[in-house]
Amino acid sequence: MDTLRTFIAVDFPIEIKAKIEEITTYFRTQLPSNVIKWVDANNMHLTLKFMGETTANQLEPIKRAMQQVVTTFPIFEIAIENLGMYPNAKKPRVIWLGISGEENLISLHKKLDLALKEIGIQPERRPFSPHLTVGRVRRSVDPESVIIVGKTLSEFKVSTLGRVKINELIYYQSELTPQGPNYTILQSTPLNQV
Numbered sequence: 001m002d003t004l005r006t007f008i009a010v011d012f013p014i015e016i017k018a019k020i021e022e023i024t025t026y027f028r029t030q031l032p033s034n035v036i037k038w039v040d041a042n043n044m045h046l047t048l049k050f051m052g053e054t055t056a057n058q059l060e061p062i063k064r065a066m067q068q069v070v071t072t073f074p075i076f077e078i079a080i081e082n083l084g085m086y087p088n089a090k091k092p093r094v095i096w097l098g099i100s101g102e103e104n105l106i107s108l109h110k111k112l113d114l115a116l117k118e119i120g121i122q123p124e125r126r127p128f129s130p131h132l133t134v135g136r137v138r139r140s141v142d143p144e145s146v147i148i149v150g151k152t153l154s155e156f157k158v159s160t161l162g163r164v165k166i167n168e169l170i171y172y173q174s175e176l177t178p179q180g181p182n183y184t185i186l187q188s189t190p191l192n193q194v
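Each residue of the sequence shown is one higher than the last, beginning at 1 in the working numbering.
Please note that a few of the clues may not be correct.
Said to hold, decoys possible - Simulated crosslink set (DSS-like; lysine-lysine; CA at most 27 Å straight-line):
| no. | residue 1 | residue 2 |
| --- | --- | --- |
| 1 | Lys157 | Lys90 |
| 2 | Lys90 | Lys165 |
| 3 | Lys19 | Lys63 |
| 4 | Lys17 | Lys165 |
| 5 | Lys90 | Lys110 |
| 6 | Lys37 | Lys110 |
| 7 | Lys111 | Lys37 |
| 8 | Lys19 | Lys165 |
| 9 | Lys63 | Lys111 |
| 10 | Lys151 | Lys110 |
| 11 | Lys37 | Lys90 |
| 12 | Lys19 | Lys37 |
| 13 | Lys157 | Lys19 |
| 14 | Lys165 | Lys111 |
| 15 | Lys63 | Lys165 |
| 16 | Lys117 | Lys63 |
| 17 | Lys17 | Lys157 |
| 18 | Lys91 | Lys19 |
| 19 | Lys117 | Lys19 |
| 20 | Lys91 | Lys165 |
| 21 | Lys117 | Lys17 |
| 22 | Lys157 | Lys37 |
| 23 | Lys157 | Lys91 |
Rather than coming from a laboratory, the hints here were simulated on the basis of the structure.
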């Protein structure tokens, strides 16, 4: 039976994506080439819930669960600020931008988890930590270059990129291709306007 890779996320306005693009373009000039696989800013979103392989008969129940959670959840704002590395600056693997005002995101994630658990989708074991992945250090990179990446990026302070109003959740399908992932919107559900 065919399955789709699916996830629920919030999206960002074009002007925020443009600022992220500016930052990553600048980083590219400061770092050895081909050490980091940068995320295309146009594809950037904040994943709230990754379902992974989803069967066709799970799609409608997921959409309904999402609708049920979102229609009672008020619109809120977050800010994108600070640059970080995971697991740490000495051995960076993932480069990310932080989110402040994340309490609502965490609360929304919890509610989604509960609603999806009722239809048989298990919560993730790891605690939800809202962030935006902007790049990943390639696996083949030598340890010296990894250290250079950590050192170089540690010297940058990223102040806020601005506030973002979160007014809808998007249910995406993700197709992995050699050129990078292709995303298709399966459903877009507005948050409560009241």
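To see whether the hints hold, each was checked on the structure:
1. Restraint check: the Cα-Cα separation between Lys157 and Lys90 comes to about 17 Å, which is no more than 27 Å; the hinted pair holds.
2. For a cut-off of 27 Å, the pair hint linking Lys90 to Lys165 is broken: about 34 Å separates their Cα positions.
3. Distance restraint check for Lys19 and Lys63: the Cα-Cα separation of roughly 31 Å exceeds the 27 Å cut-off, and the hinted pair is therefore not satisfied.
4. This hinted pair checks out: Lys17 and Lys165 have alpha carbons roughly 14 Å apart, not beyond 27 Å.
5. Of the pairs offered as hints, the one joining Lys90 and Lys110 is violated, with about 32 Å between alpha carbons and a cut-off of 27 Å exceeded.
6. For a cut-off of 27 Å, the pair hint linking Lys37 to Lys110 is broken: about 31 Å separates their Cα positions.
7. For the suggested pair Lys111 and Lys37, the alpha carbons sit about 33 Å apart, so the restraint of at most 27 Å is broken.
8. The hinted pair formed by Lys19 and Lys165 meets the criterion: a straight-line CA distance of about 16 Å does not exceed 27 Å.
9. At most 27 Å may separate the alpha-carbon atoms for a hinted pair to count; Lys63 and Lys111 meet this at roughly 14 Å.
10. Between Lys151 and Lys110 the alpha-carbon distance is near 35 Å, which puts this suggested pair outside the 27 Å criterion.
11. Among the hinted pairs, Lys37 with Lys90 is consistent with the structure: their alpha-carbon atoms are about 18 Å apart, no more than 27 Å.
12. Restraint check for Lys19 and Lys37: satisfied, since their Cα atoms lie roughly 18 Å apart, inside the 27 Å limit.
13. Annotation: proposed proximity of Lys157 to Lys19 holds, straight-line Cα distance about 14 Å (limit 27 Å).
14. At most 27 Å may separate the alpha-carbon atoms for a hinted pair to count; Lys165 and Lys111 meet this at roughly 19 Å.
15. Restraint check for Lys63 and Lys165: the C-alpha separation of about 22 Å stays at or below 27 Å, so the hint holds.
16. About 13 Å separates the Cα atoms of Lys117 and Lys63, which keeps this hinted pair within 27 Å; it holds.
17. Distance hint between Lys17 and Lys157 is fulfilled; the C-alpha atoms sit about 18 Å from each other, no more than 27 Å.
18. As the CA atoms of Lys91 and Lys19 are separated by approximately 26 Å, the hinted pair is consistent with the 27 Å bound.
19. With a C-alpha separation of about 36 Å, the suggested pair Lys117 and Lys19 falls outside the 27 Å cut-off, and the hint is violated.
20. Restraint check for Lys91 and Lys165: not satisfied, since their Cα atoms lie roughly 34 Å apart, outside the 27 Å limit.
21. The suggested pairing of Lys117 with Lys17 is violated, with an alpha-carbon distance near 32 Å, which exceeds 27 Å.
22. Taking the CA atoms of Lys157 and Lys37, the gap is near 21 Å; set against the 27 Å cutoff, the hint holds.
23. Between Lys157 and Lys91, the direct Cα distance comes to roughly 19 Å. Compliance with the 27 Å bound is thereby established for this hinted pair.
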